[in-house]
Structure formats: structure tokens, C-alpha cells
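So the sequences go chain by chain: A and B. So the first sequence is numbered by numbering that gives the first Met the number 0: it starts at 0 and just counts up by one. So the second sequence is numbered by numbering that gives the first Met the number 0: it starts at 0 and just counts up by one.
The hints are simulated quantities; they were obtained by calculation from the structure and are not laboratory data. Ideal placement from N, C-alpha and C gives every residue a C-beta, glycine not left out. Treat the hints with care, as some may be off.
Not close to chain B: a few residues of chain A, all C-beta gaps over 10 Å, as computed [stated by the list, open to error]:
| id | residue |
| --- | --- |
| 1 | GLU80 |
| 2 | GLU110 |
| 3 | LYS115 |
| 4 | ASP180 |
| 5 | LEU305 |
| 6 | GLN316 |
| 7 | LYS321 |
| 8 | GLN384 |
Covered stretches of chain A (in silico footprint by chain B; criterion: 3 or more residues with CB under 8 Å from a CB of chain B, positions within the stretch not fixed) [to be verified]:
| id | region |
| --- | --- |
| 9 | 81–95 |
| 10 | 118–132 |
Covered stretches of chain A (in silico footprint by chain B; criterion: 3 or more residues with CB under 8 Å from a CB of chain B, positions within the stretch not fixed) [as the list claims (entries may be wrong)]:
| id | region |
| --- | --- |
| 11 | 32–42 |
| 12 | 192–203 |
| 13 | 214–228 |
One letter stands for each residue in the lines below.
Number of protein chains: 2
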Amino acid sequence: MFSSKTYLNRRMHLKRTLKTGLVLMPGNSESPMNYADNWYPFMQDSTFLYYTGINCVSDLWVLIDIDKDRDILFGDDATPEEMVWTGAAEPMVELAEKSGITMVRPLRELETYVTKRRQQGQKIHFLPPYRAALTLQLAELLGMRHSEIATSASVDLIKAVVAQREIKSDEELREIGKAVDTTVAMHTHAIKNSRPGRTELEIAGELQSIAIGAGGNIAFPIILTINGQYLHNHPTQNRLEKGDLVLCDCGAENTMGYTGDMTRTFPAGERFSDLQRNVYDIVLDAHNTAVSGLEPGVMFKDLHLLASTKLVEGLTQIGLMKGNADDAVAAGAHTLFFQCGLGHMMGLDIHDMENLGEQYVGYTPELTKSTEFGLQSLRLGKALQEGFVVTVEPGLYFNPFLIDAWRAEGRFDDFVNYDAVEKMKDFGGIRIEEDFAITASGSKLLGKALAKTPEAIEALKNS
Amino acid sequence: MFSSKTYLNRRMHLKRTLKTGLVLMPGNSESPMNYADNWYPFMQDSTFLYYTGINCVSDLWVLIDIDKDRDILFGDDATPEEMVWTGAAEPMVELAEKSGITMVRPLRELETYVTKRRQQGQKIHFLPPYRAALTLQLAELLGMRHSEIATSASVDLIKAVVAQREIKSDEELREIGKAVDTTVAMHTHAIKNSRPGRTELEIAGELQSIAIGAGGNIAFPIILTINGQYLHNHPTQNRLEKGDLVLCDCGAENTMGYTGDMTRTFPAGERFSDLQRNVYDIVLDAHNTAVSGLEPGVMFKDLHLLASTKLVEGLTQIGLMKGNADDAVAAGAHTLFFQCGLGHMMGLDIHDMENLGEQYVGYTPELTKSTEFGLQSLRLGKALQEGFVVTVEPGLYFNPFLIDAWRAEGRFDDFVNYDAVEKMKDFGGIRIEEDFAITASGSKLLGKALAKTPEAIEALKNS
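So here's chain A without its partners, still in its complex pose (with noise of 0.2 Å):
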């Protein structure tokens, strides 16, 4: 946890932009697996945590009444019964002290309170839930129908959220940057350990025993696959055989919560073919120009143009597409090979901030989100600030089921050519995905370096 005065900042700033209100701040509970007392780890709402840096207690509420300059903490002691069965809690009073607050009340208090304040006229900002649990209990808190709920979130507590979480402060940085080492000793050990006769679920397995031993745990599902021309394919019980791609893309949350996210592209036995590596270096040289362009005033979604203008001139050069690479990207043909975004948004949240919503974590109100196919699927769009942390993840992807549907329609015919690409049904995929802090001339590798040319993979894997 950060020192008190961190989240009594962060609060105080809130304050003055809303400059009225009260704002409801639920912290998340426990989600059920298969019974209500079989839980998943416990994840806290990163808004919340942002806000009161209280990470691993469930059911707790802050409100931030802005009109009468109060935070109060809403939450229960542990009884004795449940000090039986999970020993001692800290006191709520102790909680709310390490985040700057000094009021703190029960639970049961939550409703009177905020039934009150309503009834005075008092305007109340929440933030729209993704846990249908929250929208439950938000409907029963507001006398509103369940329905309501999310057209009801307040969008002035959505751009105030967004302005001040989207700039990492120098902690923030350092917080994240431990996420992200630990992330580059999940991708070592990977790169290391997978070799022909093992299971994509073994070395997955290994890769979490990694991110829990350094006190978190996964910030997302971990993909770990031999079939990397899919987006997001989880790991199986495929078992890696020599002359395969292995496509890793994880990260690790840390004690804090902070986040990291790299994806690694490597062969299962010890030397990529001279295929893969062709492919793999035009990936590296759109990931490398993509990184150069990094700066303030910069927009993302140039850079994601750019970066898939490389691809075109790649796949141009070792004949799968052809034509002018400009024209390709514009018309869209580059989408057939790299079907996603360039990078998003990191901290809190893998995707941060998500779930305020795309258009005002990665838009403005001029630059709308697009909804071509590609496009679609670019959740940063914005100029770049200091202070921001974005992934850069350009890639090439190879799914069959695509080509076939694309080739069947004729679809950017004068940029691809299909026969060539026919033969690449079976590649697979590759992406290269590192972490970066816009500072005030350009960039900032988060974390340590690791391994990333094909050369650099190959003496790691074999060291």
C-alpha cells in the first residue's frame, strides 16, 4: 500500500473535479464457483483499490460525500465465528486509517445513509457494474429496477475516474514495473521449459505457481498455445512437438494490484525454422517502429496504422500479399493476418479501466471508436500523455477458418495472394508484446529486458 496521503490525493482531486455529489464506491466480494461459499481468488475492484489502496478485504463500500467533504469506510469487523475459520482480521478502524479515512460505520448503515442524502436531493455518481452481484445490490440500494442501473452510471465519475487513473504516478511506475519483472520470469521460465513431449497445461500451470509465488497472481487467463493464429486460445493438454510455434501471452498482478502483460513467440524445439523466423522478424520490425513512435501528442491508433502498414510491407516482401502496403491498410486487407489492436491501456487492470467503457478510456469525444473489423478491436485510440502505460503488441495470425471465408468471397484480392497464403493455414501465430511508460520525450521499457530478437530466444532457450 502506498502512504495514506496517496489515496487522500487521489480522493481530494476527485473532489474538485466532480465538485458535488456523492459518489458510491463499492469494493467487489467474493464470486461463487459452484457454490456460494466456493469461491474464486478474490479480486478487488481496481476503482476502489485505486481510491483506498485496500486490496484483499471483500464487501466493503467507501462514499465520497463531496457536499459535506466526508469518506466514510462501510464495512464489518470479523466476528469471533469467523475468526474461527480465517483468524485474525484488522480492524476495520486500522483499514481505514492506512487509506486516510476516519469515519467508519457497519454495513447495516450503508442504505440510511445513502437513502438519506438522495432524499435531500443530493446527486449520486457510481461507476457501471460488471459484476451482476454490484447491480443487484446497487438496484436494492437505489430503489431502482435492475435494469436501470447501467444507463444510470454517472458519466462525469466515468471521465473524472478516466483522467486521473490513465496518469501513472512515479510509484504507480515502480509498482508496475515489479508486475512486469515478475511477468519476465513467467516468459524465462516458459521460453526454458517448453520442449517437445510437454503439455501447453503443465508449463501454464507452472507459469501461475510463478505469479502466486510472488505474493499475486495471474492478471488474465493465461494463453500458452501451439495454435497462436487464435487471438486468445487457452492452454490444453496439447503436447508440443518439435517444429512447433509457441505463442505465451501473460502477466502477472501484483501484491498491489498493478498489472503486467508480454506475449512471447518461440519454438517448442530449440531453432525456429527459417519460415518462422521470416515471419517473426517482419512482426519484431512492426513491434520495433510502433515502440520508435512512441511519444507524447502521438496518436495510438497512427501507430497501430503504421505498424500494420510494416506488416503489409513484410508479407509483401515474402510474397503473401502484394500491391501498394498504404492502400492495403487503408482498404483493410492487412486484417486477414492481424485481426486486433495494437496494444491497450495497462495498470489496475490488464485492460485498464475497461470496464468504464472503451470510448471514454481510449476515444475522445472526436475520435469515435471505429467499427470495422480491425479497428473494431483497437481499444487505445488517443494521443498518447506522460504518464500513460500502454502494451505494444503487434502480430500476425494465420487462421485458417479466415482465409478459407475471405478467399471464398474474393475478399482483398488485389492484396493477397492466396495461393501463397494457402500454404501458411498451418503457421500458426506470432505476437511480441512488451510494456511501455510515455514519458516526456518518449518511452520507457517497463520491467526488465528480455529476450526478444530470434537470436536472443534461441540462446535463452538453449542457456
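Chain A is already provided as a structure; the job is to place chain B on it using the hints.
Frame of chain A; chain B shown alone:
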């Protein structure tokens, strides 16, 4: 998956029991962590799994229309767009076929079907939901308020499902055996790799990697702790020290959703201390006594009380308790050290069918669940039957908060030597847990045997 005949027969049996009505059988949906699309590992609903065998696909419903003798799978095939992200998915028709279901309909037709049959006056059966998302879906589907859903669940359906699921078939016992074997591998790893200097979380992460590598996952949050005095204490960054007792309670869920659940307690260093060994032997004696009593017709509640008496006798021998053991147990004095139950049903859930209500699963109309401290945590009280699978897990827990509280109020002064107990406040806790199938004449240990005596544990640790 078992053969389609298994699932067909299970549904046929259910129809025969219920005789009439429409059974709504929803599978689980994905469960969001910190935004809608960042999911916890998928866990299928166990009843859905029992009657369909479909484990790893979300957002499915099966309707069992008893009056029309029709089973219908409602679900949607993956769109080409989804296949960009996750690859080829098994078509609904093939999934259904494996379950012995011939009718498949898109999800959008679910509401029409249910509404029509409701309007025709058909009785609708559904189980009480344990996830808020399903409560919302059911409220929508049935035109009810969400607060009415839990109380509108079908008791007939609950009873019918319990009566079927509580008796495990031979093919089920083999699957449970596999899950227990993985659980044994986890414990073997824990015993051999717990050493002074390592953290609880490091070891817990390694255990989870074994469960994942075997193709499933952990069946419940791992308990691995030097604070075994708290029944469900979770791993932390505590470093093990020489002299610590480590309590590890963990279990794997296998690829088909069947579970294992075992506990071992062992020294962090090479050997138990004399005191640790003495207390261990008391728990082991209670464990063995209870196991010897497992057979059809025996009330599990009686075994719980028998084990409790054994614990009191042992504690009396080492000077922590006094007086007549039977009287002490009748008074509840043993609950100072054994605050929970002897065991529970196990199957597709780790506490099998706990979502259906413990009164229905573990008790009978003649034997209601106690509300007394201690017995209120006994999830299974009723008479055993051939085919039941149960855990046996007595323990002794020296909880300093409870000792202080009860000493202060002079509770059970006649049976507890508080001066001697005072010195045990930093002892920790010991639990020994294994899984048994009830056979015609007794019981059978599930899974491979694992070191259980202090000597065997020390030998395994130092092997």
C-alpha cells in the same frame, strides 16, 4: 465424458422421479474478475455437468420437458468473429449428441419456449441459483422479481437431484479416484518441498500448477499455512521456520469436474517435535476410529461424535482436558479444539451439492441440522449408503481468540484445563483428511495411499 447413454439414463431417471413439469437446467456463464471480458477460470455448474457431461462450454441451457418427453439443448455456435479469438468450437449439434440430446435450438428461442409452456400451465422446476448473474437471468426468463427466485426453487427437483447425485456409480468412483490421485501428488509435493525459508504462497502456487498440469484445476482455494489453528486460513507470504507445523488442505478437480480433498499436517523442518507428534497421534486415532466405523446404515453424525470423544480422550491424556469424555462431548466442550464437522459429501463439488442446501444433502426430515456451535458446521449427519463418497477429517485447532474468550467467561471450566491450554496458544492446528467411498460392507479409500503416520511423513519428507 462418459458415454451418451449415461447422461440419457440420468435424465430418464430424473423424469421418472419428477413425473411432470419442465426442468430448467442452466449451465454456468463466465464469471468476470475486474471487467466484463476478463474471466475467472470457467467452472461448469455441477448439476448441469451431471446430467449433460458438457464441461468446458459456457452459456448453455438444457430444458427437460417431462410432459413432452423432450430434452433440448439451447446454445449458439461460435461465430466466425469468435473463432478469430478462440479458434474452432465444437458445433452445438455434436455437443448435444455426446449427451444423448437430439434437439438443439439457439439461445434466443429459450424464452419463447419457457413462456409458452408456462402459459400452458406447466410446472417449472429450477434449482436455487448461487450466482447473481443466473438470478437475474431467471428473473427475466420467468417474469419474476429477483428477490422471488431463491424461494421459488423446486424442492421436488432439489430432492430428486440429491437422491441421484449422492450415489456414485463405478465410473464416477474411477473419475473421483483420478482426482484424488492428483490430490495425492499435490500433497506429496507439499510435504517434500516445504522447507524453512520458503513461503506458503510459493508452495501453494506449485500445488496449483500440479492440478492445472493434470488437465483440471484446484477444486477449492488451497489452504497451506503455518496457522493451521484457523480452519480455512489461506496462504500468505509467511516464511516457514524450523519448528513450524504446516497444514495443507487442498484438492484437484479433474478434467470431468470430479474432485479430491485431502489434508496433511507436517513439520516445516525434518521432524515433528514430541508435543506435535503427541497431538498428531490423537488426531490420527480419531481419524482411524471414524474410518473404521464407515458403513451403510451408520449415521455420520454418530461418527462425528465418536471421533470427538476420541479427541477428548487424547486431550485428557496429555492434560488439556479433564472429566468424562462422553459428558464433555455431550456438553460441547470439545468444540474449543474441534470447531467444525468430521466431513462432508464429495463428488462434482468439493462439498457435494452444497448449493442445493445442506438440510437436503446431509440431513433428513427426521434429522435436522443443529444450530449449535460445532454441530452447525457438520455438513453431513444422515445415515450412510453404499455409493456415498465422504471425507473424514477430524482435527485439533488451538485458536488463541477462542481460548481467551471462553476462558474469560469460564466456559467448560469442568472439562478444560485452561492453564495447560494457555501454553498451546501458539501450537497451531492439525487435521488429517482422506476420501472414502461407502461400499456394501464398509468403505474404500479413494486414490493412492499417502503417508499418514508421523513416521511415514518424516520418511517421505526426508526421502
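Outcome, coverage hint (the region 32–42 of chain A, chain B; C-beta under 8 Å; three residues):
holds (count 10)
**OP:** Against chain B, does A/ASP180 hold up as non-interface, every C-beta pair farther apart than 10 Å?
**Re:** holds (16 Å)
Report holds or violated for chain B covering the region 81–95 of chain A, Cβ cut-off 8 Å, minimum 3 residues. With 6 residues in contact (Cβ-Cβ under 8 Å with chain B), the coverage given for the region 81–95 of chain A holds.
Just double-check A/LYS115 for me: nearest Cβ-Cβ distance to chain B has to come out over 10 Å. holds (23 Å)
Could you check that no beta carbon of chain B comes within 10 Å of the beta carbon of A/GLN316? For A/GLN316, whose nearest Cβ neighbour in chain B is about 25 Å away, the distance exceeds 10 Å, so it holds.
Verdict on A/LEU305 as a residue remote from chain B, using beta-carbon distances over 10 Å: holds (22 Å)
Taking a Cβ-to-Cβ distance below 8 Å as contact, does the region 214–228 of chain A have at least three residues touching chain B? holds (count 5)
Inset, instruction - Between the region 192–203 of chain A and chain B, see if three or more residues pass the 8 Å beta-carbon test, and mark the coverage as holds or violated. - result: Contact hint for the region 192–203 of chain A vs chain B: holds, 4 residues under 8 Å.
Fill in: A/GLU110 non-interfacial with respect to chain B [C-beta, more than 10 Å]
Check passes; 15 Å lies beyond 10 Å.
Review point. Is it correct that the beta-carbon of A/LYS321 has no partner in chain B closer than or equal to 10 Å?
Key: holds (23 Å)
query: Does A/GLN384 really sit off the interface, with its C-beta more than 10 Å from all C-beta atoms of chain B?
result: Its Cβ never comes within 10 Å of chain B, the nearest being 22 Å, so this holds.
Are all C-beta atoms of chain B more than 10 Å from that of A/GLU80? violated (8 Å)
Checked against the numbered hints above, the structure violates only hint 1.
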